[in-house]
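Asks: The task is simple: from the sequences and hints, build the whole structure.
Protein sequence lines correspond, in order, to chains A and B.
Residue numbering for the first sequence follows numbering that gives the first Met the number 0, beginning at 0 and increasing consecutively.
Residue numbering for the second sequence follows numbering that gives the first Met the number 0, beginning at 0 and increasing consecutively.
Treat the hints with care, since some could be wrong.
Below, in silico cross-link-like pairs of lysine-lysine (BS3-like), each with a Cα-Cα straight-line distance of 30 angstroms or less [said to hold, decoys possible]: (1) B:Lys143 x B:Lys154; (2) B:Lys91 x A:Lys143; (3) A:Lys89 x B:Lys89; (4) A:Lys143 x A:Lys154; (5) A:Lys154 x B:Lys154; (6) B:Lys143 x A:Lys143; (7) A:Lys154 x B:Lys143.
The set of hints was computed from the structure by calculation and includes no laboratory data.
On a predicted model such as this, the values are computed, not experimentally measured, just so you know.
Number of protein chains: 2
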Amino acid sequence: MSDTNVAEQTTKNETLQALEYLGEGSTAVQRIFAMIGHARFFSDFTPGDIDMLARNMLIYRAQAGQTIIREGDIDDYMLLIIEGQVEILKHKGPGQGGHQPMTIVGPGATLGEMSMIDGEPRFATCVAAETTTFAALSRDGMVKIILEEPSLGAKILIKLVTLLSARLRQTSQSLLQQLER
Amino acid sequence: MSDTNVAEQTTKNETLQALEYLGEGSTAVQRIFAMIGHARFFSDFTPGDIDMLARNMLIYRAQAGQTIIREGDIDDYMLLIIEGQVEILKHKGPGQGGHQPMTIVGPGATLGEMSMIDGEPRFATCVAAETTTFAALSRDGMVKIILEEPSLGAKILIKLVTLLSARLRQTSQSLLQQLER
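Replies: Below you can see the structure in the form of structure tokens.
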């Protein structure tokens, strides 16, 4: 049973496994601190919060062109870009080949929060547009924080609700404008 | 200072104040229990969780045509529909009068979660389409739950992230379809 679980753990986040692993998040705390200035995600986190969060994240580096998140996959991490640029792409509809570029995001941006929480397939593909370092937080890491540090857990969850609300307002507004044309 | 706060509290959620107040949520626990079957919101809440949540909610009744949430307002409650139907409307763009109906939701649906958490102006207007009873959870109520019952607080926040993720996936998909036309 536990062997199966270990096997699931190691194969679950396959896309991540293909990337260069740089260590646990605590090694990146200095860089995360340096980045706080332009990371809205951390705007009301204390240094203690960031340290605790970083200790539950794993750091990876992707080279330009490497996939970080693959549309349709079922895996369970969100990521915070530390350095670099990531392009977000969406498969074109059935019968059309290729990908449609949606946007490019940089340091401080978070990606993949939806699947980390709800376990649904990835909505879009994320590809490193240049050498990119990022910190990944898995669902297990999130659960651990909620159980061990409930107040930090609540802070992260409130931040996720705020991020998703902002995106939903923006996307709904764009949809309404399209429908009114 | 405290007088000012009381005054703010009473004027803050003006739209709610205009409606018939039916008491605290604990009086509605039986009805909330009866409703659980079709309320996705409560799918993994224990009876104890629902009881605690209900004790932090206020119950209101709106008559057909009464506004429950007004687009552009700054107030801070989310609501859970217990009985009735609520129409969601959006102001038409500048230069066009009136409202555009978006959808109608019924018992078990939640409304207003985005502003409860992020404090931004209401995105749409919600009007009772028939006599509607609902439970309102203010930001203060949410903060109280997070502080006093962190595990329930986390459960509610995870539920909110899940709800918003589902809506964001759906809205993004509709927007992409519109853009591809």
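Asks: Would you mind marking each hint as holding or not holding in the structure?
Replies: Here's how the hints hold up against the structure:
no.: 1; hint: B:Lys143 x B:Lys154; result: holds, 14 angstroms
no.: 2; hint: B:Lys91 x A:Lys143; result: violated, 45 angstroms
no.: 3; hint: A:Lys89 x B:Lys89; result: holds, 29 angstroms
no.: 4; hint: A:Lys143 x A:Lys154; result: holds, 14 angstroms
no.: 5; hint: A:Lys154 x B:Lys154; result: holds, 13 angstroms
no.: 6; hint: B:Lys143 x A:Lys143; result: holds, 22 angstroms
no.: 7; hint: A:Lys154 x B:Lys143; result: holds, 14 angstroms
Hint compliance for this structure: hint 2 is the single one not met.
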